[in-house]
Amino acid sequence: MFNTNFQTLKVAMDVAMLRQSVHSQNIANAETPNYRRKYVVFEELLKEASRIRLATTHERHIPSSQSLPQAKVEVDKQVFYRNDQNGVDVDYEVTQMVANGLRYEVLARLMSKNIEYYNTVLRGV
Amino acid sequence: MSEFTIFNVSASGMTAQRLRLDVIASNIANSETTRTERGGPYRRRVPIFAEHLLDKSRTSAVKVVRIEEDPSPFRLVYDPSHPDADENGYVSYPNVNVLREMVDLINAQRSYEANVSAFNVTKSMINSALQIGRG
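Going line by line, the protein sequences match chains A and B.
Following the numbering used here, the numbering of the first sequence begins with 1 at its first residue and continues without gaps.
Following the numbering used here, the numbering of the second sequence begins with 1001 at its first residue and continues without gaps.
Read the hints as simulated data drawn from the structure, not as lab findings.
Hints may contain errors.
[As the list claims (entries may be wrong)] Only some residues are given here: those of chain A computed to face chain B with a beta carbon under 10 Å:
1) Asn26
2) Glu93
3) Asn100
4) Leu107
5) Ala108
6) Arg109
C-beta atoms are modelled at their ideal positions from N, C-alpha and C, and glycine is treated no differently.
With the sequences and hints as input, model every part of the structure.
Spelled out as structure tokens, the structure:
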């Protein structure tokens, strides 16, 4: 009965919240020796998941389910900027965090709009 | 992961940076202290930061595990009239370099602010999630 936007937006918002968590962790550990920066991998997995799809050459073929991948938190073991082996660039983390926060707000607003459409229909135009 | 764990992470960062500020303040305050409880001049203190795992080891907060003493040698100043001068007339002053402490102070302040902004961004994200469906 409902469109898929609810599911899609929920996943996108969850990923943005996970990113926020990772940015916070990196910023909190910006001065911790041997701490390596964490990051979230999602878009790559999504691209990969949407690339592999069963061919539907007949109208009665069942299309492959559009299951969304699970976001993963990875540790960047390569990059470190300081002699104490800490890999956090605070400026990068802060800017990415702010951008991610704005993206989250956009998603929240889209979710509100999606609900509004249903409200419009329910109330009768 | 709960959204509210993120607050704990930022809070741990703020606590650690504030403790660092305290340590720097005590280093600067004691930069000329030649007598301590344990005898001898004051030794510069350094907070040791370590990753602190929350949430079944998936979330890294930070904590200060120890406050250690800087083992570098004391600053020797020739001043035979000083009551704490040794037999050669040298006074051992703390191994605190005030300039270095000031740089550290600014660093700690900036790190604290970064944690505050992380906290604020998390807060506004949760707020905007709460506004969903309110029109």
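Hint by hint, here is what the structure shows:
1. Asn26: Since chain B brings a Cβ to about 8 Å from asparagine 26 (chain A), closer than 10 Å, the hint holds.
2. Glu93: holds (8 Å)
3. Asn100: The hint holds - asparagine 100 (chain A) has a Cβ within 10 Å of chain B, the shortest such distance being about 8 Å.
4. Leu107: holds (9 Å)
5. Ala108: Holds - the Cβ of alanine 108 (chain A) comes within 10 Å of chain B, reaching about 4 Å at its closest.
6. Arg109: holds (8 Å)
No hint from the list above goes unmet by this structure.
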